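*Asks:* Sequence:
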Amino acid sequence: METWLIISLIVLAIIILGLIIYFISKKTKQSTEISTEEINSVKEIPSEPIKEEVTNKIIPPTPPTEVIIEEKPMNNLSISSKTENDLLRKLELFEKNKGFTKKDINLASLSKQFETNTKYLSEIIKTHRQKQFNSYLNELRVNYIVNRLQNEPKYINTKVSYLASDCGFASHSTFTTTFTQIMNESPSAFIKRIKAEQKNS
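For what it's worth, the numbering used here labels the leading residue of the sequence shown as 111, then goes sequentially.
Be careful, since some hints might not be right.
Distance windows between CB atoms, simulated [said to hold, decoys possible]:
{"#": "1", "residue 1": "Lys192", "residue 2": "Ser271", "range": "42 to 48 Å"}
{"#": "2", "residue 1": "Glu194", "residue 2": "Arg258", "range": "28 to 34 Å"}
{"#": "3", "residue 1": "Arg258", "residue 2": "Thr284", "range": "31 to 37 Å"}
{"#": "4", "residue 1": "Lys206", "residue 2": "Lys269", "range": "44 to 50 Å"}
Within a straight-line C-alpha distance of at most 30 Å, the following computed DSSO-like cross-link-like pairs (lysine-lysine) qualify [what the hints assert, rightly or not]:
{"#": "5", "residue 1": "Lys229", "residue 2": "Lys200"}
{"#": "6", "residue 1": "Lys213", "residue 2": "Lys229"}
{"#": "7", "residue 1": "Lys213", "residue 2": "Lys136"}
{"#": "8", "residue 1": "Lys212", "residue 2": "Lys309"}
{"#": "9", "residue 1": "Lys212", "residue 2": "Lys200"}
{"#": "10", "residue 1": "Lys264", "residue 2": "Lys229"}
{"#": "11", "residue 1": "Lys136", "residue 2": "Lys206"}
{"#": "12", "residue 1": "Lys269", "residue 2": "Lys302"}
{"#": "13", "residue 1": "Lys241", "residue 2": "Lys222"}
{"#": "14", "residue 1": "Lys208", "residue 2": "Lys222"}
{"#": "15", "residue 1": "Lys264", "residue 2": "Lys302"}
{"#": "16", "residue 1": "Lys241", "residue 2": "Lys212"}
{"#": "17", "residue 1": "Lys212", "residue 2": "Lys192"}
Derived by calculation from the structure, the hints in this document are not laboratory data. For clarity, every value in this text was computed on a predicted model and none was experimentally measured. Note that the Cβ used here is the ideal one computed from N, Cα and C, for glycine as well.
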């Protein structure tokens with residue numbers, strides 16, 4: 111009988127202890143929730159003034175963004191006058207010696223030939239020939255063919271495929287397209303017109 115009483119008391123003590131622990135833990139949980147809510151509310155209150163301060167401080171740095179208008183040097187690279195004159199001289203020799211008739215010529219290969227970089231050469235052509243490199247090269251080639259067709263009577267009977275190869279174009283179709291864009295008529299139409307003009311004269 112005494113054993114049963116002892117067991118009952120122990121069980122009762124465990125239950126009471128469990129309840130005490132439960133209520134204590136619940137109370138601490140509530141207090142932590144309140145504290146986090148209070149923290150959030152404290153954070154929320156000054157958030158707007160801080161934003162205003164931040165935006166006020168961010169607005170002044172906007173002028174330095176305008177300083178990035180130092181993109182102007184890209185249009186006018188800091189090429190020394192000596193380098194500029196040297197490249198112009200090489201460009202004139204390239205035109206005079208009809209270097210543009212070589213098929214493998216491009217901006218990179220010509221820059222290497224001129225012992226310069228592609229940016230400098232591209233800028234020199236843009237400034238002094240008022241053209242991008244490809245337009246510059248294509249016009250040199252087409253003008254070379256036009257000049258020969260107009261001034262060499264035998265050349266007028268040359269096939270269009272040979273004309274393309276003669277001035278440095280890799281393909282007949284590219285030559286025809288480029289010639290048509292520059293002269294506003296196809297090579298065959300141009301040749302036909304030149305022949306007619308020569309007959310009448």
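*Asks:* Hints first: check each against the structure and report whether it holds.
*Replies:* Against the structure, the hints come out as follows:
no., hint, in the structure
1, Lys192 to Ser271: 42 to 48 Å, "holds (44 Å)"
2, Glu194 to Arg258: 28 to 34 Å, "holds (32 Å)"
3, Arg258 to Thr284: 31 to 37 Å, "violated (19 Å)"
4, Lys206 to Lys269: 44 to 50 Å, "violated (27 Å)"
5, Lys229 to Lys200, "holds (16 Å)"
6, Lys213 to Lys229, "holds (22 Å)"
7, Lys213 to Lys136, "violated (87 Å)"
8, Lys212 to Lys309, "violated (33 Å)"
9, Lys212 to Lys200, "holds (16 Å)"
10, Lys264 to Lys229, "violated (41 Å)"
11, Lys136 to Lys206, "violated (95 Å)"
12, Lys269 to Lys302, "holds (12 Å)"
13, Lys241 to Lys222, "holds (20 Å)"
14, Lys208 to Lys222, "holds (17 Å)"
15, Lys264 to Lys302, "holds (14 Å)"
16, Lys241 to Lys212, "holds (20 Å)"
17, Lys212 to Lys192, "holds (28 Å)"
Figure legend: structure checked against the earlier numbered hints; hints not met, in rising order: 3, 4, 7, 8, 10 and 11.
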